[in-house]
Amino acid sequence: MIESGQIKLFVIIALLIFILLVIFIFFFIVLYFKRQLSYKNKIYKFQSQFAQTLLQSQLEIQEQTLNTISQEIHDNIGQVLSLAKLNLGTMDLQKPDLLQQKIDDSKVLVGKAIQDLRDLSRSINTDYVQQMGLLRAIEYELELLSKAGKHKTIIDIQGAVYRLDNQKELILFRIVQEILNNVIKHANASRITVHLNYRPELFILCVEDNGEGFDISLLKESENSKFGIGIKNMHNRAKLIGAEYSINSSKGNGTQVSISLPMILNSTDHANN
Amino acid sequence: MNTSLIIYYSILFFSVLVGVYKFKRLLLAGRIIFYLLCFILVKEVISYIIALKFGFNIWFYKALSPIDYIILCCIYYTLYKAKVFHYYVLVSLLVILGLFISNLSDITNQSIDLSIKLLKSFFLVSFSLILFGRIVSENYEIRLFKNSSVWFNSGILIFYVINIFFWGLFNLPFVEKGELAKKISRLVFEYGNYIMYSFFCISLYVNNFILYNRTSNSNHD
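Going line by line, the protein sequences match chains E and Y.
For the first sequence, the working numbering assigns the number 1 to the initial residue and increments by one for each residue that follows.
For the second sequence, the working numbering assigns the number 1 to the initial residue and increments by one for each residue that follows.
Pulled out of the complex, with its shape left as it was, chain E reads as follows:
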């Protein structure tokens, strides 16, 4: 009788231990799945946020491109064509010596308008930028600038040149265009230098000018102004491709904008084998 009571106790203890183990494992599995679910939700939210930012950036780029086209047509091509029209309109058939001169001038002006249109088309064409690659696209942009005669441009390349993926190259190129636009509009610079440093683990792009520069502290104060928003946009675009954007400037010492993009190396370090 005593033994059967003790065996009962023994079985109860065994059962208790078994139940505790089952509860522990069940609790562990439920907890893990719960956390896994919230982690997946977080990832999903992050991805949709990223897609939204990407879309927003693309729209901004598109809008900026349209502005550039409009400005370019109005300021350059429109002016040149108006001049050509004026030339043609003031032709006097009675003065044949002046007539030839006006025809020649008009030819030059129309030729310039065609060239400007071609440059503009190349500069905004996404496929063209992707075909040429970032380096060639920047070189071309600098060539155009130096052709205008107002700025001396220098390009400095360090390391063995490699291609980045198309999306990254395009975004970097648009940032460079924006920086160059800012230099032309606000810096009053005579020299623009673009440094491209192709390191195996890091790609660094730096645009430097010898213009007036500005007080960097104003940037924080004017976050909501157009000036601040432009820089914030560039910062966001750099962030979008995983790059670091930094700006350095002071009054009278020009401006230096630098973007560093870490390169993803092929990971072979699987665990600690």
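The set of hints was computed from the structure by calculation and includes no laboratory data.
The reader is advised that the hints may include incorrect statements.
In the SDA-like style, the derived pairs of lysine to any residue whose C-alpha atoms are separated by at most 25 angstroms in a straight line are [as the list claims (entries may be wrong)]: (1) Y:LYS183 with E:ILE19; (2) Y:LYS146 with E:ILE25; (3) E:LYS42 with Y:ASN213; (4) E:LYS152 with E:GLU139; (5) Y:LYS117 with E:LEU20; (6) Y:LYS22 with Y:ASN193.
Here chain E is said to cover these stretches of chain Y; the calculated rule only asks that three of the stretch's residues, wherever they fall, bring their Cβ under 8 angstroms from a Cβ of chain E [said to hold, decoys possible]: (7) 128-136; (8) 152-164.
These figures come from a predicted structure and were not determined experimentally.
Using N, Cα and C, we set each Cβ at its ideal position, and we do this for glycine too.
Assemble the complex: chain E is given as a structure, and chain Y must be docked to it using the hints.
Here is chain Y on its own, set in the frame of chain E:
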């Protein structure tokens, strides 16, 4: 040879076969589990032969008892990379080895080293709980049942909790006297063995050992 022994040897043998098949792709922790399974299989076969020849084999088990603990410590050492945990594993190893050396004179004695058995089980259950705590706090992109560390850790937890129960109660007077209680506890112990080695086999088959760090995200194969 009785049925339970045949099942036990079959599970061990099959696990070793899975280990051989997966060996090239196994991470260090997986390879150590494979070595452990090989060691256990060889140990069990030899102990069976010894039991057949001499009628008893407890001294053989006693002599080899620190080796499987050392191997298990190595596995936990590689699975969870945290300084404090590593110190804990090393201290537990020293304690077990110290106890083993101090009991070395009793090796031919037919009684079981209950203190070493219980202490080993206690340490291994605590390792397992610590690792479970770590698993539940990170790396949610991997499906739970595709994580070899979870299978290995579950096997250890189940077996050594049973071990504590088995060795803790087996020598109590009422169990000593009661044949039924003895049978129940043996049965529980046997099933514990089946579960643990089957789980080890699954962990080798899944072959996705997640290595945990104290703070950063884990690595995996």
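Going through the hints against the structure:
Annotation: proposed proximity of LYS183 (chain Y) to ILE19 (chain E) holds, straight-line Cα distance about 20 angstroms (limit 25 angstroms). Annotation: proposed proximity of LYS146 (chain Y) to ILE25 (chain E) holds, straight-line Cα distance about 16 angstroms (limit 25 angstroms). Between LYS42 (chain E) and ASN213 (chain Y) the alpha-carbon distance is near 22 angstroms, which keeps this suggested pair within the 25 angstroms criterion. Using a Cα cut-off of 25 angstroms, the hinted pair LYS152 (chain E) and GLU139 (chain E) holds, with the two alpha carbons roughly 13 angstroms apart.
At roughly 21 angstroms between alpha-carbon atoms, LYS117 (chain Y) and LEU20 (chain E) fall within 25 angstroms of each other, so this suggested pair holds. For a cut-off of 25 angstroms, the pair hint linking LYS22 (chain Y) to ASN193 (chain Y) stands: about 22 angstroms separates their Cα positions. Taking a C-beta to C-beta cut-off of 8 angstroms, the segment 128-136 of chain Y contributes 3 residues in contact with chain E, enough for the three needed, and the coverage statement holds. Only residues whose C-beta sits within less than 8 angstroms of a C-beta in chain E count toward coverage, and the segment 152-164 of chain Y has 5 of them, enough to reach three; the restraint holds.
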